[in-house]
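> Here are the chains, one letter per residue:
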Amino acid sequence: MAITNLNQFVQDYFIAHDCPILENTDGVMTIQLTEEMDLALMNRPFYWHYINKMGVTGRPFQLTLITNPEKREEKGDWIHFGSPRLQQIINHLEEKERYTKLFQTIDTKINTPLYPWLVTNIKISYHGKQKKDEVLSIGLQLVNGKMRLNMMEYLETIPLQSSIADYCFTISPMIRLKSGFLRMESLVLNYLDDQPKEWAEESLITLKEELTTLHHFYEGMEELEQMEKEIDEINERYEPNITIHVINGGIFYLIE
Amino acid sequence: MDSIHVTKDSAFIDKLETKLNKNDPLSTWKLFSMAYEAELTRISPSFTGLRAPEHLPHVTFLDHQVKAAEQVVEEMNGRAILADEVGLGKTIEAGLILKEYMIKGMVKNALILVPASLVSQWVQELNEKFYIPAVAHRKNYNWDQNIIISSIDTAKRSPHREKILETDYDFILIDEAHKLKNHKTKNYEFVRALKKKYCLLLTATPVQNRLIEIFNLISILKPGHLGNYKSFLERYGKDRNKVKEDQYLKQLIQKVMIRNTRINTDLQETKRNIQSIWIDFTKEERDFYEYLDSSMSSHATFSKITFLREICSSREACYLSLKKIGEENTKESHIETLISKIEHLPHHVKAQKAVELIQKIGDEKVIIFTEYRATQHYLQWYLQQHGITSVPFRGGFKRGKKDWMRQLFKDHAQVLIATEAGGEGINLQFCHHLINYDLPWNPMRLEQRIGRIHRYGQNQDVMIYNFAIRNTIEEHIMTLLYEKINLFEQVIGNLDAILSELNLTNLEKEITKIYDDSTSTGEAKIKLDNLSSILKHTIEHANSEEQQYGHN
Numbered sequence: 094m095a096i097t098n099l100n101q102f103v104q105d106y107f108i109a110h111d112c113p114i115l116e117n118t119d120g121v122m123t124i125q126l127t128e129e130m131d132l133a134l135m136n137r138p139f140y141w142h143y144i145n146k147m148g149v150t151g152r153p154f155q156l157t158l159i160t161n162p163e164k165r166e167e168k169g170d171w172i173h174f175g176s177p178r179l180q181q182i183i184n185h186l187e188e189k190e191r192y193t194k195l196f197q198t199i200d201t202k203i204n205t206p207l208y209p210w211l212v213t214n215i216k217i218s219y220h221g222k223q224k225k226d227e228v229l230s231i232g233l234q235l236v237n238g239k240m241r242l243n244m245m246e247y248l249e250t251i252p253l254q255s256s257i258a259d260y261c262f263t264i265s266p267m268i269r270l271k272s273g274f275l276r277m278e279s280l281v282l283n284y285l286d287d288q289p290k291e292w293a294e295e296s297l298i299t300l301k302e303e304l305t306t307l308h309h310f311y312e313g314m315e316e317l318e319q320m321e322k323e324i325d326e327i328n329e330r331y332e333p334n335i336t337i338h339v340i341n342g343g344i345f346y347l348i349e
Numbered sequence: 005m006d007s008i009h010v011t012k013d014s015a016f017i018d019k020l021e022t023k024l025n026k027n028d029p030l031s032t033w034k035l036f037s038m039a040y041e042a043e044l045t046r047i048s049p050s051f052t053g054l055r056a057p058e059h060l061p062h063v064t065f066l067d068h069q070v071k072a073a074e075q076v077v078e079e080m081n082g083r084a085i086l087a088d089e090v091g092l093g094k095t096i097e098a099g100l101i102l103k104e105y106m107i108k109g110m111v112k113n114a115l116i117l118v119p120a121s122l123v124s125q126w127v128q129e130l131n132e133k134f135y136i137p138a139v140a141h142r143k144n145y146n147w148d149q150n151i152i153i154s155s156i157d158t159a160k161r162s163p164h165r166e167k168i169l170e171t172d173y174d175f176i177l178i179d180e181a182h183k184l185k186n187h188k189t190k191n192y193e194f195v196r197a198l199k200k201k202y203c204l205l206l207t208a209t210p211v212q213n214r215l216i217e218i219f220n221l222i223s224i225l226k227p228g229h230l231g232n233y234k235s236f237l238e239r240y241g242k243d244r245n246k247v248k249e250d251q252y253l254k255q256l257i258q259k260v261m262i263r264n265t266r267i268n269t270d271l272q273e274t275k276r277n278i279q280s281i282w283i284d285f286t287k288e289e290r291d292f293y294e295y296l297d298s299s300m301s302s303h304a305t306f307s308k309i310t311f312l313r314e315i316c317s318s319r320e321a322c323y324l325s326l327k328k329i330g331e332e333n334t335k336e337s338h339i340e341t342l343i344s345k346i347e348h349l350p351h352h353v354k355a356q357k358a359v360e361l362i363q364k365i366g367d368e369k370v371i372i373f374t375e376y377r378a379t380q381h382y383l384q385w386y387l388q389q390h391g392i393t394s395v396p397f398r399g400g401f402k403r404g405k406k407d408w409m410r411q412l413f414k415d416h417a418q419v420l421i422a423t424e425a426g427g428e429g430i431n432l433q434f435c436h437h438l439i440n441y442d443l444p445w446n447p448m449r450l451e452q453r454i455g456r457i458h459r460y461g462q463n464q465d466v467m468i469y470n471f472a473i474r475n476t477i478e479e480h481i482m483t484l485l486y487e488k489i490n491l492f493e494q495v496i497g498n499l500d501a502i503l504s505e506l507n508l509t510n511l512e513k514e515i516t517k518i519y520d521d522s523t524s525t526g527e528a529k530i531k532l533d534n535l536s537s538i539l540k541h542t543i544e545h546a547n548s549e550e551q552q553y554g555h556n
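Heads up: the sequence lines are chains A and B, in that order. All the letters of the first sequence, read from the start, carry residue numbers 94 to 349 under our numbering. All the letters of the second sequence, read from the start, carry residue numbers 5 to 556 under our numbering.
Hints are supplied without guarantee of correctness; some may be wrong.
[Claimed, not checked] In silico lysine to any residue, SDA-like type, Cα no more than 25 angstroms apart, as pairs:
1) B:K345 - B:Q363
2) A:K194 - B:S14
3) A:K194 - B:E78
4) A:K164 - B:I136
5) B:K71 - B:K133
6) A:K189 - B:G109
7) B:K19 - A:N243
8) A:K225 - B:K12
9) A:K290 - B:K133
10) B:K406 - B:K12
11) A:K224 - B:I136
Derived from the structure by calculation, the hints contain no laboratory data. Since this is a predicted model, take the numbers as computed values, not measurements.
Taking the hints into account, I'd like the entire structure generated from these sequences.
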């Protein structure tokens, strides 16, 4: 599900933010920004501050983005996975699109119940000598407690919308959001217990080796403070640990 | 094994609940799934492998640079000495490593300490090549945020020092780290006291120094890696030759140090073509040179040799010096004679040669190096008379002016005329013709000159033209010093250390002394020849030793 077509991705992003695509040929795309997107991306808060103070209509910029490397000499921002502009767009996405509430789209004439699901996309980062990330997408039905992995892939197959469809109604959850989330957390912790631990063991071995070396270095020297500083640094660098971060999540009302 | 500490994200669910209760605007499906998709693209799914190169498709990295970065991250766990030879791209390797850690979210703040003259170059390089938002430190900036670049001299002064020492840095980089080799200096103490996670020490010349100096550098990265101070001294003393004998020590050093040389990288492809251009004085000039040689005696402030060198460069350079001692000693009438003679000399034969050569080179950029500012001014005027555009460059220029001149040269002028001190801290890879209008007497400075263009990023063979006037002091220096030791062709990265080992830190003074003390030119030549022989021997010896060190 990672981004494969950058041009498509960027176009979707701007369309989703109501920015007209003025042109998009051969990997060169020109976008008319809205005021909101100009503020978000163009880094000119003073201009907009001034415009608002004066009570006049501002003129949002147009933006030309190049996704075709062969056209990168043309006027515009060449964007690729490492380019600052794309990173800015991704940061903007991840900052703004963390929470949602969505409903399954159903075309029906009879009363249809929708069941609440808590969905979270969770990033697990393993920090040892090196670092690795992993993403889990989990869904929990808040009435019967059923849990589902790869939830996002499942949701991709279902049409969704931001408001409830006609003739549909929602079932109240039996499980509170908070306890639902705790269930997910313990699922993740169990999952972590089952994962291979070599990375952590190796890191601990290096940690111990370096501490031994360090103690040898300071033998007979009276530099306790310096030594403590360096012990902290070694621990900081090698102590294996895991962080869990929720990328985004929300409530989904689905027919089952 | 014991349980691994897990940091949870408990704020999320509360925030979601609040949002739902308050009926805040929430994400559409499209944007929600795009954010997820974006994060899947951004994560590092494996403990190994570099992600930085795929983020930087606009830069072509050389194999040895990527390999070095990989080694530092995966095997050395982020603490290393980067000791590549000059011009192989240590900065690139360091940038790759920092970028890698930033992509993986392992480095958020960093302190980069470089010589003051290189601060803006580092900023530019990290910004443009690596998209790393590094900034030069300014008054009132916080030291604990972002990626800060500063000189060590600023950083170690109050009130910065205190602020820096209480900050926990994810990443520290020290450029020109060989200046830290002595553990008794203030700089060393300061660097050692920094709180750091990852750390890179960059130096072109660490290995030929005394073993104890390597010990000191490594003690910043990994105290105890080579044992403690006492045991190390007992075992190895201060003799660097011990490294050769000790395979174990060599391996230990390789664990924390990477050293690529031109020989083991693919950078060798761009060659240096050296051309000596012999020039004859015109009759008037020759007469003057000889008159100067026979009539002048060495002066308290100026050695005779100085005047001879100067007249080989330009009338103007010599004139200024004569004028100066003329003012000091009003009685000396022959100075007056010399001055009036010099005023009647025609245009310098070298300047004519330079114009001829530049015209032959055609449309390409040329750098001219001279030792004298008077020559620089004269040349700029003389070139202009012949329709050749040029910009001046001096070490004394402020950084902004240097950058500006570089840009002018790149975009508008054909020639850059630099004086000696301009040799450091500017990269001119877009140019591959260099004229040594006169030769410095210190070979280190020659290497710095050539290093401006023959470095990483140069994609053409480099042409070096060395001007020398026949039957003058320049001929001695050219044949007895440079050609004999082969100084033009080879990069002698450790030359400064070799000179200091021979107690010849000021080679220029040494040569001047030879000429002053000698009663005849013949005697001076023999002495100079002897000096070169010693240098040659030591360099050859050191080169064979060179390959003993470092990971390559």
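> Does each hint fit the structure? Answer for all of them.
Status of the hints after comparison with the structure:
{"no.": "1", "hint": "B:K345 - B:Q363", "verdict": "violated (31 angstroms)"}
{"no.": "2", "hint": "A:K194 - B:S14", "verdict": "holds (19 angstroms)"}
{"no.": "3", "hint": "A:K194 - B:E78", "verdict": "violated (42 angstroms)"}
{"no.": "4", "hint": "A:K164 - B:I136", "verdict": "holds (24 angstroms)"}
{"no.": "5", "hint": "B:K71 - B:K133", "verdict": "holds (18 angstroms)"}
{"no.": "6", "hint": "A:K189 - B:G109", "verdict": "holds (20 angstroms)"}
{"no.": "7", "hint": "B:K19 - A:N243", "verdict": "holds (23 angstroms)"}
{"no.": "8", "hint": "A:K225 - B:K12", "verdict": "holds (17 angstroms)"}
{"no.": "9", "hint": "A:K290 - B:K133", "verdict": "violated (37 angstroms)"}
{"no.": "10", "hint": "B:K406 - B:K12", "verdict": "violated (51 angstroms)"}
{"no.": "11", "hint": "A:K224 - B:I136", "verdict": "holds (20 angstroms)"}
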